[in-house]
Amino acid sequence: MVVSASGPNPPGTPRVKSLNCPGCGAAITLRSFSQAVTVVCDHCHSILDAQDPRLTIVQKFKAAVDEDRRLIPLGTRGTIRGTIYEVVGFQRRTIHVDGIPYSWHEYVLFNPYKGFRYLTEYNGHWNDTSILRSLPAVNDNVNPATVTYLGQTYRLFQTTKAGTSFVLGEFPWQVRVGEAADVSDYISPPRVISSERTGKEITWSMGEYVSGRDIWKAFGLEGNPPEAVGVYENQPSPLSADTTALWLAFVGFLVALVVMFIGFESFAHNEQVFEGFYSFDTKVRGEASFVTDVFQLKGHTSDLELTTTSDVNNNWIYLNYALINEDTGQAYDFRREVSYYHGYDSDGSWTEGSHTDSVAIPSVPPGNYYLRVEPESDFGHGTISYSITAKRDVPQASFFGLALLALLVPAGFITWRSMNFEHLRWAESDYAPASSGDSNGSDRPTTLGNIFGKGSNS
Amino acid sequence: MTQPTANCPNCGAKIVFRWSSSVQTVCEYCKSILVRTDIDLKKVGQVADLPPNSSPIQIGTEGVYNRQAFVAIGRIIYEYDQGTWNEWHLVMNNGSAWLSDAQDEYVVTFAAPGRNLPTADESQVGQRYTWDSESYTVATITKAHYRGVEGELPFQYWDKHDVVFVDLMSTNGKFATVDYSDETPVLYLGQSVEFDDLKFKNLRAFEGWS
Numbered sequence: 001m002v003v004s005a006s007g008p009n010p011p012g013t014p015r016v017k018s019l020n021c022p023g024c025g026a027a028i029t030l031r032s033f034s035q036a037v038t039v040v041c042d043h044c045h046s047i048l049d050a051q052d053p054r055l056t057i058v059q060k061f062k063a064a065v066d067e068d069r070r071l072i073p074l075g076t077r078g079t080i081r082g083t084i085y086e087v088v089g090f091q092r093r094t095i096h097v098d099g100i101p102y103s104w105h106e107y108v109l110f111n112p113y114k115g116f117r118y119l120t121e122y123n124g125h126w127n128d129t130s131i132l133r134s135l136p137a138v139n140d141n142v143n144p145a146t147v148t149y150l151g152q153t154y155r156l157f158q159t160t161k162a163g164t165s166f167v168l169g170e171f172p173w174q175v176r177v178g179e180a181a182d183v184s185d186y187i188s189p190p191r192v193i194s195s196e197r198t199g200k201e202i203t204w205s206m207g208e209y210v211s212g213r214d215i216w217k218a219f220g221l222e223g224n225p226p227e228a229v230g231v232y233e234n235q236p237s238p239l240s241a242d243t244t245a246l247w248l249a250f251v252g253f254l255v256a257l258v259v260m261f262i263g264f265e266s267f268a269h270n271e272q273v274f275e276g277f278y279s280f281d282t283k284v285r286g287e288a289s290f291v292t293d294v295f296q297l298k299g300h301t302s303d304l305e306l307t308t309t310s311d312v313n314n315n316w317i318y319l320n321y322a323l324i325n326e327d328t329g330q331a332y333d334f335r336r337e338v339s340y341y342h343g344y345d346s347d348g349s350w351t352e353g354s355h356t357d358s359v360a361i362p363s364v365p366p367g368n369y370y371l372r373v374e375p376e377s378d379f380g381h382g383t384i385s386y387s388i389t390a391k392r393d394v395p396q397a398s399f400f401g402l403a404l405l406a407l408l409v410p411a412g413f414i415t416w417r418s419m420n421f422e423h424l425r426w427a428e429s430d431y432a433p434a435s436s437g438d439s440n441g442s443d444r445p446t447t448l449g450n451i452f453g454k455g456s457n458s
Numbered sequence: 001m002t003q004p005t006a007n008c009p010n011c012g013a014k015i016v017f018r019w020s021s022s023v024q025t026v027c028e029y030c031k032s033i034l035v036r037t038d039i040d041l042k043k044v045g046q047v048a049d050l051p052p053n054s055s056p057i058q059i060g061t062e063g064v065y066n067r068q069a070f071v072a073i074g075r076i077i078y079e080y081d082q083g084t085w086n087e088w089h090l091v092m093n094n095g096s097a098w099l100s101d102a103q104d105e106y107v108v109t110f111a112a113p114g115r116n117l118p119t120a121d122e123s124q125v126g127q128r129y130t131w132d133s134e135s136y137t138v139a140t141i142t143k144a145h146y147r148g149v150e151g152e153l154p155f156q157y158w159d160k161h162d163v164v165f166v167d168l169m170s171t172n173g174k175f176a177t178v179d180y181s182d183e184t185p186v187l188y189l190g191q192s193v194e195f196d197d198l199k200f201k202n203l204r205a206f207e208g209w210s
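Protein chains in written order, with my numbering: chain S, 1 to 458; chain E, 1 to 210.
Cut-off 25 Å, straight-line C-alpha distance, at most; resulting in silico cross-link-like pairs (DSS-like, lysine-lysine):
1) S:Lys200 <-> E:Lys174
2) E:Lys43 <-> E:Lys31
3) E:Lys143 <-> E:Lys160
4) E:Lys31 <-> E:Lys14
5) S:Lys200 <-> E:Lys143
6) E:Lys14 <-> E:Lys43
No wet-lab data here; the hints were simulated from the structure.
None of the values given here were measured: they were computed from a predicted structure.
Isolated chain S (complex conformation) (with noise of 0.2 Å):
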């Protein structure tokens, strides 16, 4: 039977230590209690025994003290999903590639309910990464290999080799400069997850991608975030990663525009207003400008689609207009041309231009109009007949054309953009795609992960 808890003697509060660094007699701090295996001397860079309480010197390191800026300066408190964490370590991580080295880095961060958690950084890209508490499955027979976890699947993106190179404050493991440790990244897209080995033993952790700005307000830093520079393995992106739904949803408004269009035009008026037939003598110099009868234009607002035919042989007519309501005296001002011409080459017979010619003239109120017309060709070439029908209400096939641009080319735009951004994220994976031409190009470190938890040996 279980009795009522009421607590023996309490074992105290426990408190932030302050003592002395055994090897220069500065102040040092621990922040996370006795939670820290390992904390550094800030002044003489000696790595200490934090569980020691003579803090012996385990190893001391050469550096110079600003070295490394610290973004977030350790002691900074700053809030992750809901729970108060503290920085209280920084260390510097670094691979060679061609022997090139590229570093990047980690911020450790304490609570003393929930334990550690870490901040990695490189060129502005950050991500928020803890300890796995269950195993990945891996899958080594697809390449690159996977691991999946939750039900997620991950990518193998690279495997490195990163050695410990600057560090500063508190560890929770027993951490040296100059040690290393086998990395592979998996990606997911915005997540990663990442397995560190050490000897035998294998650390998995998940990183998950945060803008530089969510880490600014989260722990109320000042300025600005550094830009992140280039596209980082797991970093989101910032169009939809999911392009297919993008399609879905063309395919969607392209039904929608369809089923709409198929309405224009059955409920379309599509009704002639007015008809003229009318010669033009290119002999006769002067003015040939007139004007036609008065014509009703009935019900709501609509199109006016003006046509113009013409008998031109190897000819042209051009035709001035203006369309003007009577009562208003407002004037819709168009020129059109209606030109024909054939022949015969080496090439055989062509024909070139049309004997008609259709101009749509939106949005025109009801009323009564007329219209001007001024015919022009070239002087002499006989008598031109030709003919003006208008009809209102008429359906435009190219509004159509239109929308299903305006539908299409954004949709284009950010699959193009979207797969030149998975192109670019690839180009730096130990698994790029062969046309890349940088087949072996991991060259950026990849995101951490800290690794060590229970008995992970150092």
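Position chain E against the provided structure of chain S, taking the given hints into account.
Same frame as chain S, but now just chain E:
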């Protein structure tokens, strides 16, 4: 229900048992390790100063696991190369469970007797074992050093030195530990748990963290 009570055979202080099945306890005042016999309490040892430890859990911390309320009534403290960790003895309505807290990583396990277990020498990192149709992979082999006990335990546990633990994980968040403290290894099966899921009450306070 009356709590079983007795007096410390060393200093005479009153000893109150929170759980009627406890076999061992530690006197809060003189830190004598006391074992229950049929008639009284016998002092078997003495707890030296415990190492500094900042587990947020303490004797009397309550919580809920799998909809069952528990209370922490004792612990064993071990030291290893990453500091110290605690095995908190939890009592639920029908028995004992263990809450391991290593640097605020929490695992709840229950003793699982009667399974076939490898010897300490046989286990290697990466090796797989199947218990109760769950496949476990050896993740770490820890050489630990016994550092002390506090409160009530369901067995005698005091005269220990170096102890080997083999920790195993599954791909479903399940966790297993083989404890080689005694001649016969003991298997514990359970799972990793999130701090928030245990709905703790009566935790320790930390200066500067309210």
